[in-house]
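Colleague: Required output: the full structure, derived from the provided sequences and hints.
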Amino acid sequence: MRFGNARTAIAFDKATERHMIIDPNDVSIGAVYESMVALITPRPIAWVSTLSADGIANLAPYSFFGGVGANPPTVMFCPVNRLDGTPKDTLANVRANGQFVVNVVTEEFAETMKQSAADVRPDEDEFVLTGLQKAPSVKVEVPRVADVVAAMECEMLTSMQLGPGRGGANLVVGRIVSFYVADSVVGKNGLPDPEQIFTIGRMGGPRYTRTRDRFE
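In our numbering, the protein residues as written are 100 to 315.
Keep in mind the hints are simulated off the structure, nothing from the lab.
Virtual Cβ for every residue (Gly too), placed ideally from N, Cα, C.
Please note: incorrect hints may appear among the correct ones.
[Stated by the list, open to error] Straight-line Cα separation of at most 25 Å, DSS-like style, residue types lysine-lysine; simulated pairs:
1) K187 / K213
2) K233 / K287
3) K213 / K233
[Said to hold, decoys possible] Computed Cβ-Cβ distance ranges for the label pairs, DEER-style:
4) G300 / L256: 23 to 29 Å
5) E240 / D218: 22 to 28 Å
6) A234 / P123: 40 to 46 Å
7) G286 / V219: 34 to 40 Å
8) D153 / D218: 39 to 45 Å
9) G197 / D224: 32 to 38 Å
10) D183 / G286: 32 to 38 Å
11) M302 / I120: 20 to 26 Å
Modeller: Here it is as structure tokens:
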């Protein structure tokens with residue numbers, strides 16, 4: 100049994116009708132996205148700062164993000180194209196100079212992180228728009244967000260276009276060349292103490308979650 104139009108058609112299992120089957124080829128991009136973000140949770144947030152060719156800072160969050168491996172130390176995030184099919188500022192900047200910083204988003208930065216997601220002109224600096232201060236990085240020219248508990252300075256290893264046009268997915272993989280870790284979250288072993296780092300995660304829709312509730 101099927102219902103909906105060609106952009107939202109969803110099939111139920113004919114034998115039991117106790118679950119549905121969503122074919123990405125039969126539904127809209129929006130339906131695919133909503134399904135993914137509802138199921139892939141919680142998602143860590145890469146608060147990515149970059150610099151344009153003109154030296155204008157950009158800051159934006161991406162929740163299609165994760166660590167890749169430790170040898171070499173690598174992370175990845177996936178910026179999608181704008182509605183007009185052009186790359187977002189973050190992607191254009193990374194492709195231009197090959198550098199970015201992943202700022203760790205903890206609870207106190209939740210609101211400013213969301214504000215930095217606004218779609219603004221390339222010549223507008225999100226640090227200025229959100230009232231955030233910049234702090235210099237060690238090995239890249241891109242600044243980090245001042246007062247974050249941790250940040251990862253990265254150099255681009257590769258950038259791949261996975262889908263063209265409106266909402267087209269792109270993959271950016273970067274090598275971590277330096278970690279910034281505030282003294283307040285350094286453990287007795289001299290490494291970041293996860294019990295002191297209260298990150299937030301992205302859920303489906305506009306919702307987020309705290310990571311204070313932990314178990315082993």
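Colleague: Checking each numbered hint in turn, tell me which of them this model violates, lowest number first.
Modeller: Structure breaks hints 2, 8, 9, 10.
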